[in-house]
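Heads up: the protein sequence lines correspond to chains A and B, in order.
Count along the first sequence starting at 1, add 5, and that's the number in this note's numbering.
Count along the second sequence starting at 1, add 5, and that's the number in this note's numbering.
These are calculated hints, taken from the structure and not from any lab test.
Each hint should be verified, as a subset may be incorrect.
Which copy is meant is left open, because identical chains are indistinguishable; a pair holds if it fits in one copy or across any two.
No more than 25 Å apart at the CA atoms, straight line, and that leaves these computed lysine-lysine pairs for DSS-like [what the hints assert, rightly or not]:
1. Lys-237 with Lys-15
2. Lys-68 with Lys-192
3. Lys-15 with Lys-257
4. Lys-108 with Lys-171
Number of protein chains: 2
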Amino acid sequence: MATEDLNFRKQGMILASKLIANEYHEKAIPAIAGSRIFVELYKFFGSEDPFKKYKELSRKKAKIVVDTLKAKIKIDIETAIKLAILGNVIDFAVGFSPEDLEKQIEEMLDKPLYIDERDELIKEVRKAKQILYLTDNVGEHLFDKILIEEIKRTSNAEIYIAGKEKPIINDVTVEDLIRDGFEALGKVVSIGTQIVGVPLNEVSQEFREVYENSDVIIAKGQGNFETLSEVKDERIFFLLKAKCPAVARELKVPRGSLICKRNG
Amino acid sequence: MATEDLNFRKQGMILASKLIANEYHEKAIPAIAGSRIFVELYKFFGSEDPFKKYKELSRKKAKIVVDTLKAKIKIDIETAIKLAILGNVIDFAVGFSPEDLEKQIEEMLDKPLYIDERDELIKEVRKAKQILYLTDNVGEHLFDKILIEEIKRTSNAEIYIAGKEKPIINDVTVEDLIRDGFEALGKVVSIGTQIVGVPLNEVSQEFREVYENSDVIIAKGQGNFETLSEVKDERIFFLLKAKCPAVARELKVPRGSLICKRNG
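Isolated chain A, as found in the complex:
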C-alpha cells in the first residue's frame, strides 16, 4: 500500500525477508516482532501511515453499519459485548457493501459464543471503580464504542479507553479515538507505543499507572491476547475471534471461534 512502484516493492520485500529472519526467534511474540518489521518498512518506504486509506474505508463502512444496527436493534450490555466481538470478525475494507455486512452481523448475533463469560464480565463491570478498554482495529472501534456506551450506562466506574501513540498497521490511535468522540465516554489514554497489542515493558508510565489501577481490563482482538495472555491476571477479559491457528490452539477452541473469556 505504500507504493505502486514494483521495483521499490521488490526492494521492500527483500528488506522484509531480512527483518523477519532477525526478528523471528524462539520467544518472539508475533504482534511485537511484526510491528517492529512494519515500522522499519514504513521508514524504508518513507510513509508514516501506509494503511491510511484502508482505515478510512473501514471506518466509513463500519459507521454506516453501526448507525443502522443502532436504529434497528435494542441494545443492552450483553448484546453490546457480542457486537464488540462481531466487530472483530469483519474486515470492513474488503469488497462487501455495508448492507451485506449488516446482514452478516445480524445473522451472527443469533449464534452462541464458543466461550461465553459475559455474565462474569458484566458482574465485574458493575463492581469496578476503574475500567480500562484496550481497542484493536479501526472500523471495529465503532463497535467498541457501543459497548463502552453500555458500560457507562451500567457502571459508575472511571472509564479509560486506550489507543496507540502512532499508526501501526490498522490499529486505533489516540487520534482516531479523539476524532470519533470517545472523550465523551471516558478518558482517552495513549499506550505510548507504535506496537500491536500491549507490550507491558514498553508502555508509557502514564499508561502503566492506568493499567495497574484498573479493576477490569477489556482486551479486544488477537494482538492484545498475544501480548497479555501469558500474564495470568484475572482482571483481563479477552473479546475476540480466534483467527489464527496458534491463538485457537492456546485458547483450546476451534479456529474461527468467538470468545468472551476471563484471563487466568
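Starting from the structure of chain A, add chain B where the hints point.
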C-alpha cells in the same frame, strides 16, 4: 506436514525465515528459490517427502474425477487441452468430494479461456516430429494424461513426458509417471532436478537434449511458467491458471484467468 511436534515446527520456521532471507534477492525466481528452501527443510525434518500423503489423496480423488469425466464426456483434443488446464485449477487434496469436484469441472468446461491459443497448439502438434510435455502437480497429472492420449491420437510425433527426479512439494516425479502408466503413451524422462519448474542451467544432459530437439513444448502450471517465460521460445505453450498476482501481471490477465498461450 513433516511433524506434529510444535517445538520442532517452531525451529523449522526459524530456519525457514533465515533461508528465505538468504534466497530472496533481486533476481530470485520463486520456483527455484522456494525449492531450495523446501529441500533444506526436508533435510532439517529428516523427511524425504513430507507431501506424500497429500499427493496420495490428490491422486486418489483426481482418479475418480477423471474416470467419471471420461465415461460422461466426449473428449476431443480441444476439450482435452481445456481439461488439462482445469486440472491445474483444482487443489484435489482439500475438503471437496470427487462428486463436487467433477461438478465444478463440468461447469468450468462451458466457460471460455481468457487467452485461448488452442488452435495454434493443435496445428503445431499435428506438424511436430517431437513433443515434450512438462507436468506439474500430482492429481492434475491424470488430466494431463487425457491430453497426452489425445495428442498421441492426433499426431505421429515422438512424445516425451517429463517429471522431477526427486519429490519436491507436490510435483510429479518420474516414479509417479511410471506408476500411472505414462510409458504406454510416450517416453518418460527425468528433468534431473528436485526443483519446481525447469531451471535450464540445472537440468540433466539427457533432458537438455530432449528439450532442444522438441518441436512443441507443453508447459503446465506456474512453476514451468516462472522458469521458462523469460526464454523467448515459440515452441513453448503454457497451460495454466494465473494463480498469483505476479504471474497474472506478467501475462497481463486478471488473476485467476485460465490460459493456453504460446510463448514469445
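Structure-based check of each hint:
no.: 1; hint: Lys-237 with Lys-15; in the structure: between (42 Å within a copy, 24 Å between copies)
no.: 2; hint: Lys-68 with Lys-192; in the structure: within (22 Å within a copy, 64 Å between copies)
no.: 3; hint: Lys-15 with Lys-257; in the structure: between (38 Å within a copy, 19 Å between copies)
no.: 4; hint: Lys-108 with Lys-171; in the structure: neither (33 Å within a copy, 51 Å between copies)
Comparing the model with each earlier hint shows a violation of hint 4 alone; every other hint is respected.
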